[in-house]
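J.: Using the sequences and the hints, build the whole thing.
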Amino acid sequence: MDYKTIMCDVLVVGAGGAGCRAAIEASQHNLDVIMLSKELLGKAHTAMAEGGYNVSLGNVDPDDNPETHFKDTIVGGNYLNNQKLAEILVRDASERVFDLEEYGAIFDRTPEGKIAQRPFGKQSWRRTAYASDRTGSEIMVTLTEAIRKTSVRVFDEVFATKILVEDGRVAGVAAIDLKYGDYLVFRAKSVVMATGGAGRIFSVTSNAQLDVGDGYGMAYEAGCELIDMEMIQFHPTGQCAPPSARGRLVTEAVRGEGGILLNSEGERFMKRYYPEVMELAGRDQVARSIMTEVLEGRGSPDGGV
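Numbering-wise (our numbering), the sequence shown opens with residue 76 and increments by one.
It is worth saying that the hints were derived from the structure and are not from the lab.
This one's a predicted model, so the numbers in the text were calculated from it and none came from an experiment.
Some clues are possibly wrong.
For lysine-lysine, the following BS3-like pairs were computed, each having C-alpha atoms within a straight-line distance of at most 27 Å [stated by the list, open to error]:
(1) Lys-224 - Lys-197
(2) Lys-189 - Lys-146
(3) Lys-237 - Lys-254
(4) Lys-79 - Lys-264
(5) Lys-118 - Lys-159
(6) Lys-346 - Lys-197
(7) Lys-237 - Lys-189
(8) Lys-146 - Lys-197
(9) Lys-264 - Lys-224
(10) Lys-159 - Lys-146
T.: Structure, rendered in structure tokens:
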């Protein structure tokens, strides 16, 4: 088989928010970086995230802090979280949102000119930074422009198929150029897998068409340990009709800004399950409540509420 070999120091597989940010960081350390994207650069699933970014800035509720954010995260995860990773998440979130601002992201502002924050599910304070209802799009546009200002070499419409292992160590990946049908081998000292989720293995999902879990499969075949693979979060609010819109996201920001959920009897049913927070309960709690309504015969003709 004929194939072209391309060398680099760091190879990032995936070009969503995580992949772009990893590539930018690596490029700042004088490394030769390549980033692969199955789609055109900028079209990753990150762009489909609408609602916002949780970070304890305290711009709207001054009592918010990383410790409270950590507690909300652990409680929201039913204490199953890896607490070391959760601590890193809440500790570094503010620096990462400031990075995005430095790259050029435009978030909504308070009257005082600070980053605005609004309520989201399972949060003790108004913590969600946002850019209208297009936060993910703003993040991807910003990161795409930032990537273009670096030395990162971007190969878009290139589909990685296998992680290459030599002498027990990862040595790169094999890939196919979707534009021309060429076989490519990328050899790298380090490989970063940032290939997103696997929502498209389910019949109804808000995930992008390319989120099929291929990165998980490649990592597993290369000997990586995968943990908590059953922990897949289903967003509780999405369209179930018409068929052409089935699975389309109804952002959590709708509930954060005052949207309510009604069953077929016109009842605001979340009062019955979580009377203190109602629609701002955790996503798993809202999803379970909706499913209970449907199973008990109070759903809509199309199978939702």
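J.: Does each hint fit the structure? Answer for all of them.
T.: Results of checking the hints against the structure:
A distance of roughly 38 Å separates the Cα atoms of Lys-224 and Lys-197; the hinted pair therefore is violated under the 27 Å criterion. About 25 Å separates the Cα atoms of Lys-189 and Lys-146, which keeps this hinted pair within 27 Å; it holds. Pair hint Lys-237 plus Lys-254 holds up; C-alpha atoms about 19 Å apart against a cutoff of 27 Å. Under the criterion of a C-alpha separation no larger than 27 Å, the hint pairing Lys-79 with Lys-264 is consistent with the structure, at around 18 Å.
Note on Lys-118 and Lys-159: the hinted pairing is violated, with a Cα-Cα distance of about 31 Å set against a maximum of 27 Å. Between Lys-346 and Lys-197 the alpha-carbon distance is near 15 Å, which keeps this suggested pair within the 27 Å criterion. At most 27 Å may separate the alpha-carbon atoms for a hinted pair to count; Lys-237 and Lys-189 exceed this at roughly 45 Å. A C-alpha spacing of about 11 Å is found between Lys-146 and Lys-197, which places the hinted pair at or below 27 Å, so the restraint holds.
For the suggested pair Lys-264 and Lys-224, the alpha carbons sit about 23 Å apart, so the restraint of at most 27 Å is met. Simply put, Lys-159 and Lys-146 have alpha-carbon atoms about 13 Å apart, close enough for the 27 Å limit, and the pair holds.
This entry does not satisfy hints 1, 5 and 7, going by the numbered hints stated previously.
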